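K.L.:
Sequence:
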Amino acid sequence: MTPSARLAAAASVLDSIAQGRQPAEAVLKTWGTENRYAGSKDRRAVADRVYRVLRARGRLVWAMGGREDGRALVIGSLSLIDGLSLEEIEALHSGDGYGPKPLSKQERARITTTTGELPGWVAAGLPEFVMEDFKATFGDRWAAEAQALMVPRAPIDLRVNTAKATVAEVEAELREA
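In the working numbering, the protein residues as written are 52 to 228.
Think of the hints as simulated: they come from the structure by calculation, not from any bench.
A quick note: this is a predicted structure, and the numbers were derived from the prediction, not measured.
Check each hint, because a few of them may be wrong.
To be verified - Computed cross-link-like contacts, BS3-like style, restricted to lysine-lysine with a CA-CA straight-line distance of at most 30 angstroms: (1) Lys80 <-> Lys92; (2) Lys215 <-> Lys80; (3) Lys152 <-> Lys92; (4) Lys80 <-> Lys152.
Unchecked claim - Have a look at the derived ranges for each label pair, beta carbon to beta carbon: (5) Glu76 <-> Met201: 34 to 44 angstroms; (6) Glu138 <-> Phe189: 35 to 45 angstroms; (7) Lys152 <-> Gly71: 23 to 33 angstroms; (8) Glu141 <-> Gly190: 37 to 47 angstroms; (9) Asp184 <-> Leu225: 32 to 42 angstroms; (10) Lys156 <-> Gly190: 37 to 47 angstroms; (11) Ala69 <-> Ile132: 15 to 25 angstroms; (12) Leu137 <-> Arg210: 20 to 30 angstroms; (13) Leu169 <-> Val211: 38 to 48 angstroms.
The C-beta atom is built at its ideal place from N, Cα and C for all residues, glycine as well.
Sequences are here, hints too, so could you generate the full structure?
P.N.:
As structure tokens, then:
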């Protein structure tokens, strides 16, 4: 898959997640089994993009003017999370092959207007209605506390082959490592 095809796939997965019928992990698994042409690196790249977008969803919805569709969230992530320029984002949205359609005038405008100063709640990754309580609770430390909540990657799940070891044994080995 090309990088732009991965973006189109991530947007499609995000739209499926928004329908709310299944959790993100199940939607990604279904997408992976239905799209056998996607190799392990492609599936990993799509999953990484999806989870990064979901973690920054509030900020991306604000940046894209309230749009919540997968395409808008992916475009916003390229600008706000990856720091790509408008020209780089346009190159990924050429409409060639399986990539996303070219950017609309409105999408271009949103990208260029969201590169400035972000409101505090957006920069902190918090819902706007929580901001007052957050500041009241943490005072001057509110920004540091909000930053601590921003996890760059999702935690990892480990499986234990119970035919070879118990969960307690593996936990002990990991603590020692």
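K.L.:
If you draw a straight line from the CA of Lys152 to the CA of Lys92, is it 30 angstroms or shorter?
P.N.:
Given pair Lys152, Lys92 holds - Cα atoms ~23 angstroms apart, limit 30 angstroms.
K.L.:
Run the distance test for Lys80 versus Lys92: straight-line Cα separation, threshold 30 angstroms.
P.N.:
holds, 14 angstroms
K.L.:
Does the Cβ-Cβ separation between Ala69 and Ile132 fall within 15 to 25 angstroms?
P.N.:
holds, 18 angstroms
K.L.:
With respect to the beta-carbon atoms only, verify the hint that Leu137 and Arg210 lie 20 to 30 angstroms apart.
P.N.:
Violated, since Leu137 and Arg210 (Cβ atoms, about 43 angstroms apart) do not stay within the stated range.
K.L.:
Within 37 to 47 angstroms: is that where the Cβ-Cβ distance between Lys156 and Gly190 falls?
P.N.:
With Cβ atoms ~43 angstroms apart, the hint holds.
K.L.:
Starting from the hint 37 to 47 angstroms, judge whether the C-beta atoms of Glu141 and Gly190 obey it.
P.N.:
About 43 angstroms separates the Cβ atoms of Glu141 and Gly190, which means 37 to 47 angstroms holds.
K.L.:
Looking only at beta-carbon atoms, does the pair Glu76, Met201 fall within the given range of 34 to 44 angstroms?
P.N.:
Violated: the Cβ-Cβ distance is about 21 angstroms, outside 34 to 44 angstroms.
K.L.:
Please check whether Glu138 and Phe189 have a Cβ separation lying inside 35 to 45 angstroms.
P.N.:
holds, 39 angstroms
K.L.:
Lys215 and Lys80: Cα distance at most 30 angstroms?
P.N.:
Holds - the C-alpha atoms of Lys80 and Lys215 are around 27 angstroms apart, at most 30 angstroms.
K.L.:
Does the Cβ pair Leu169, Val211 satisfy 38 to 48 angstroms?
P.N.:
holds, 42 angstroms
K.L.:
Between the beta carbons of Asp184 and Leu225, is the distance compatible with 32 to 42 angstroms?
P.N.:
holds, 37 angstroms
K.L.:
Within 23 to 33 angstroms or not, the Cβ separation of Lys152 and Gly71?
P.N.:
Hint holds: Cβ distance 25 angstroms, inside 23 to 33 angstroms.
In summary, the numbered hints that this structure violates are 5 and 12.
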